[in-house]
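Sequence lines, in order, name chains Z, G and E. Everything in the first sequence is counted per this note's numbering, starting at 506 for the first residue and increasing by one. Everything in the second sequence is counted per this note's numbering, starting at 797 for the first residue and increasing by one. Everything in the third sequence is counted per this note's numbering, starting at 1222 for the first residue and increasing by one.
Hints are computed from structural coordinates only; laboratory data are not their basis. Since this is a predicted model, take the numbers as computed values, not measurements. Where a beta carbon is used, it is the ideal one built from N, C-alpha and C, also for glycine. Among these hints, one or two may not hold up.
[Said to hold, decoys possible] Some chain E residues near chain G, calculated using beta-carbon distances under 7 Å:
(1) SER1410
(2) GLY1412
(3) ALA1413
[As the list claims (entries may be wrong)] Stretch by stretch, here's where chain G covers chain Z in the computed footprint (C-beta under 8 Å, at least three residues):
(4) 682 to 690
(5) 693 to 701
(6) 719 to 728
(7) 755 to 765
[Stated by the list, open to error] Restraint-style ranges between C-beta atoms, simulated for each label pair:
(8) E:LEU1488 - Z:ARG590: 55 to 65 Å
(9) E:ASP1343 - G:GLN1109: 36 to 46 Å
(10) Z:GLU565 - E:GLY1370: 55 to 65 Å
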Amino acid sequence: MKLLEVNNLKTYFKTSKGMLKAVDDVSFDLEHGEALGLVGESGCGKTTSALSIARLLPKEGRIVGGQILLDGRDVIPAPESELRRRRWTDVSIIFQGAMNALNPVMTVGKQISEAIVLHEKASEADALRKTKDLLELVEIPSDRYKHYPHEFSGGMKQRAMIAMALACDPKLIIGDEPTTALDVMIQAQILNLLERLRRELSMGMILITHDLAILGETCDKIAVMYAGKIVETGSVKDIFEDARHPYTKRLIGCFPNVKGPKTVPAGIEGFPPNLLDPPSGCAFHPRCDFACDICKAQTPEPVNVGGKHIVACHLKEARQ
Amino acid sequence: MKDAREALVRVDGLKVHFEIREGFLSGLLSKEKKVVRAVDGVTFTIDRGEILSLVGESGSGKTTVGKAILQLVQPTEGAVVFEGAPVSQDREGLKAFRQNAQMVFQDPYQALNPRHYIIDIVAEPLDVAGLVKTSEEREQRVREALEQAGLTPADDYFYRYPYELSGGQRQRVVIAGALILGPRFIVADEPVSMLDASIRTGILKLMIHLRDTKGIAYLFITHDLSLAWLISDRIAIMYLGRVMEIGTADEIIKAGLHPYTQALMAIMPVPGQTREGERPVLEGETPNAAVEITGCKFSSRCPRATERCRQEQPELMEVAPGHSVACFPVQEEHRSSTEHIAGNE
Amino acid sequence: MGGNSVKAKLRKRKIKAFVSQVLANKMALFGTVVLLFFILVAIFGPLLVPFSVLEFGEVEDMLNPPGPGHILGTDDMGRDVLGYLIAGSRISLLVGALATGISMVIGTVIGIVSGYSGKAVDNVLMRITDFFLVIPWLPLMMVLAAILGTSIWNIIVVIGVTSWAGTARVVRSQTLSVRENQFVERTVSIGAGSGHIMLHHILPNVFPLVFANTILIAAAAITSETTLSFLGLGDPAHASWGMMLHYAFETGATSTGAWWYFLPPGLCVVAVVLAFTLMGYAFDEILNPKLKER
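The following block holds chain Z by itself, in its conformation from the complex (with noise of 0.2 Å):
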C-alpha cells in the first residue's frame, strides 16, 4: 500500500473577490521512504497542496473535492478529534523560515517535549529522554536541551525544527521550502540530515521548492506545478533528461547551469496567473509557444508516456 495517495484534491479559498482555485485537480502518490520534489513559482499551489495533506488549512480554505489517502485512510472526511490525533504523529510539517517560529522566551528542549507530552502522553522524563535522543539525531548537542532559541545559529535553529518534526515518528514529513532562508553551506547541511534521516528512518518525504537545481540531489521524483494544477511528474531523470511539457523545459532554463553554455536564459514571457480568474483550458497557453486552439479551449488530461512519466499537455510530441 502506498504511503500516500493524493487523488483528484481540490482545495479552494474563499476570498472577498471571488473563489480562489489554489490547488485544482491534483494528484501524485508516494512510496513508503520516497522523496517527491513538489516544485513551481509562486502562488502556483504548493504550499496549499502541503497544508491540505496536513489539514492545517487556514479558516478561509477549504478542500472541496479528491482524496487524500494516508496509508490507505481518507483525512479529509476526518473529525478534528482524530486529526489533532494524527496531525504530528502521521504527517509533520516543517515550514518555511521556521526558525522564526521558536518561541523565545521557552528553551528548545521544552519546545519539543511539548509535542512528544502532547502526542505521547509521555511522562515529562521520557519526553526528555526522547528530546535529547532527536536533537542527536539531527546533529546538535544534546545538552542544548535547556538552551533558548536566541543562543542557537540559523542553521541550529532549523535543524531544531526538524527535531520538533520528527518527535512524534511521522510516517510522511513535509518540507516547505525549509532551505530557502539559509546560507548555501547551511542549506547543504540540511539536506545532507534530510537524506540521512529519510533513510534511516524510512520515512516519506514531500520536499517543496521553487529551486529546482537542489530537488535532482535530494528526491525521487518530480512534480511540476502550475496554476493550481500539475502539469507534469515523473522520476529526477524523466523530469531533466526528457522533459515534455513547454512550462517544465522553459522552467528548467531559468536556473543557470554551470556545466553548460554562459548564456543568460530565455525566461517566460507573461505574468503569473491570476488565480481568481484563470486563463481558459490551459492555464498555460497565454505564455506557451506552442499554444494552438485546443490549448485555450480544454483543459488537458493527464497522460502516462512511459513509467510513472505523467504529462498533462494538448502537444502530440509531449504526449508520445
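The hints should help you fit chains G and E onto chain Z, whose structure is shown.
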C-alpha cells in the same frame, strides 16, 4: 597589473567596523568595546562597463561593501575612488557622485513607498536633486526611464500604485528609479533573489542590455554563485569581511583555487545532476563577525589550514593574470611551481 | 500631456471608494450622521430658533418646564434652553475641533521627529512627552486655566497642549517601524534630507494612524472642555454645553428637578462623544483592513 587609472571604481583597503552597544552594566564592567568587523580590508577595481559580482554568504560583508561605496555607510578606513578621484564628502560633491552611482535594492515589495504613485517614485531622484523645472520635463524623463526599464507603454504606469504591479514589474520600477539620473555605475544588491525563477531572467537580461547600450558598470551582490557566473565578467568571493579570491567568472567556477571557493563549488547544486553520497559540507558555521580572529578568517574551517594560516592574515596575491587568491598554501604552491619553471629554463 | 486630469480623475475615484466604504460601515455611518447633524445645527441653528440667547426673560419665565413657545423650557435667567443649547453647540464643537487640531499637530510632529531622528533628539523629546503623559491632565488643566485665565482661546490652548502626548507616543512607534522599510533607505541613497523623508515618506505612511487617532482625540477634547466648564473654568462670555451644566448645577436645577436644563446638554455631549468614538473605531477598521477580517 591593470592600470588603476582606467578603473571606474576602485576600492582600497576598505574597512567598515561597527561598534556594538553593550548593555549598561556590561559596558561598565568590560574594558573592551565589541566591534563587528563587517568589512575588514577589501581591495578591488571595476572597469567601465564591467560586471563584478561580489559573492558571499550572510555575514560576509558584501552588502556593506556596496553601501560603503555609495557612502550610505561610513567607511572606517580605506578609500573609495570613483573616476580617479576619492568620493567627496561635501554636499555638492556627494550630489554629483549620486548622479553617477546608484543602488538597486533587493526587495521589490519593500523598496517602493506603497503610498506613492509610480511616477513620483521614479521622479524622486530628480525632485530631490532639483534637476527638473517643468512637469512636462519631469514626465518625459520618467517616461524614458520606465521605457529603458522595459515598462511600456510607460504612461500607463504613471498613476498606478506599487501594489497593482507584479514583483518583476516592481523591480523594473526600482531599476527605472536608479536609471533616471543617468548613472555610470550601479550597485545591485541581490536584485533578483526575491523574484520567481522565470522572472529573474528578464531582469538579468535588462541589466546586461543596459550595460551593452549605456556602458553601465555593475557591482552585483549575491549569495548565489551560479547566478554570479551567469551574469558577470569577474567574481570576487568574500568571507567574513575579506575577499578570498577574485578572477574571471570562468576561472572562479572552473578553476577556483581558494579552499572556500572550492567548498562552495563542491556543494553547488546543478540542475539535473544527482549526487552519490553526502554533499561535502564544511564543518560548523560561519563564526560571528564580532569575534576577533587572528590569522586567516577561514582558518577555523579550512581543510588546508596550517599554523601560519592561524597566525597571519593572507593578502590577495596574483597567481595568474587577473586571478588573485588570499591563501598561504595556494600561494606557496604557485611560488614553488613558478620557481620550478624558472629553474628548468 | 493630461497627467493632471488623470490625477484628478484618480483622486475622485479614491474619494468615492473611501466614501462608499464609510457608508457601508454601520458605526461610521451612525457617527457621521450624528456629527453632521450637530455641525449643521451649530452652523444654521440660530436662524431656526428666533430667541436670542442673551435675552433675559421676566421673573415668571424662569425655570419653566417645556411648554408652548419654549420647546425645552427656560433656564434660571428665563432664557430659552433650546436656543442656549444651539448656541452652546457652536462653542463646544469649535473648541473641540481647534484643540484637537493643536494636539494632533504637536503630537504628530513630535512623534515623527522623535522616531526618525537620532537617539539624542529622541530621548529629549520622549522625556518631555513622558512628562505630559504622566501628569494628571485635569489638575494640570485647572492650574493652567487658573494661571492663564478662562478666555476661550486659553481653554483651547490648554486642552491642546495637555493631550498631545499619547498621539506622540503612538506616532513615534509607527515611525520607528516605517523607518525600517527599504523605500526609506532608497530615498536616503538618492541624497534626500531628513526633512524630505519625514514629510514625504514617513508622514503618508503614518497618516492612517494619525487620522484614526485624531477622531478619538476630538472626543476627548470635547469631554475635557465640558469638564473644565462644568468646574467653572469655562469662558462665561462663550457658553458651551459644559457651561450650561455648570449653571444648571450652580443654580440648583438638579435639586429642583428642572431636568430640561441639564439633561439636554448632557445628552448632547454624550451623543457627540459617542459619534466620534464610533467613527474612530470605524476608520481604524477601514484604513487597516486586517482588522475587518476578525
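Against the structure, the hints come out as follows:
no.: 1; hint: SER1410; verdict: 5 Å, holds
no.: 2; hint: GLY1412; verdict: 5 Å, holds
no.: 3; hint: ALA1413; verdict: 4 Å, holds
no.: 4; hint: 682 to 690; verdict: holds (count 3)
no.: 5; hint: 693 to 701; verdict: holds (count 6)
no.: 6; hint: 719 to 728; verdict: holds (count 3)
no.: 7; hint: 755 to 765; verdict: holds (count 9)
no.: 8; hint: E:LEU1488 - Z:ARG590: 55 to 65 Å; verdict: 58 Å, holds
no.: 9; hint: E:ASP1343 - G:GLN1109: 36 to 46 Å; verdict: 39 Å, holds
no.: 10; hint: Z:GLU565 - E:GLY1370: 55 to 65 Å; verdict: 60 Å, holds
In this structure, none of the earlier numbered hints is contradicted; all agree with it.
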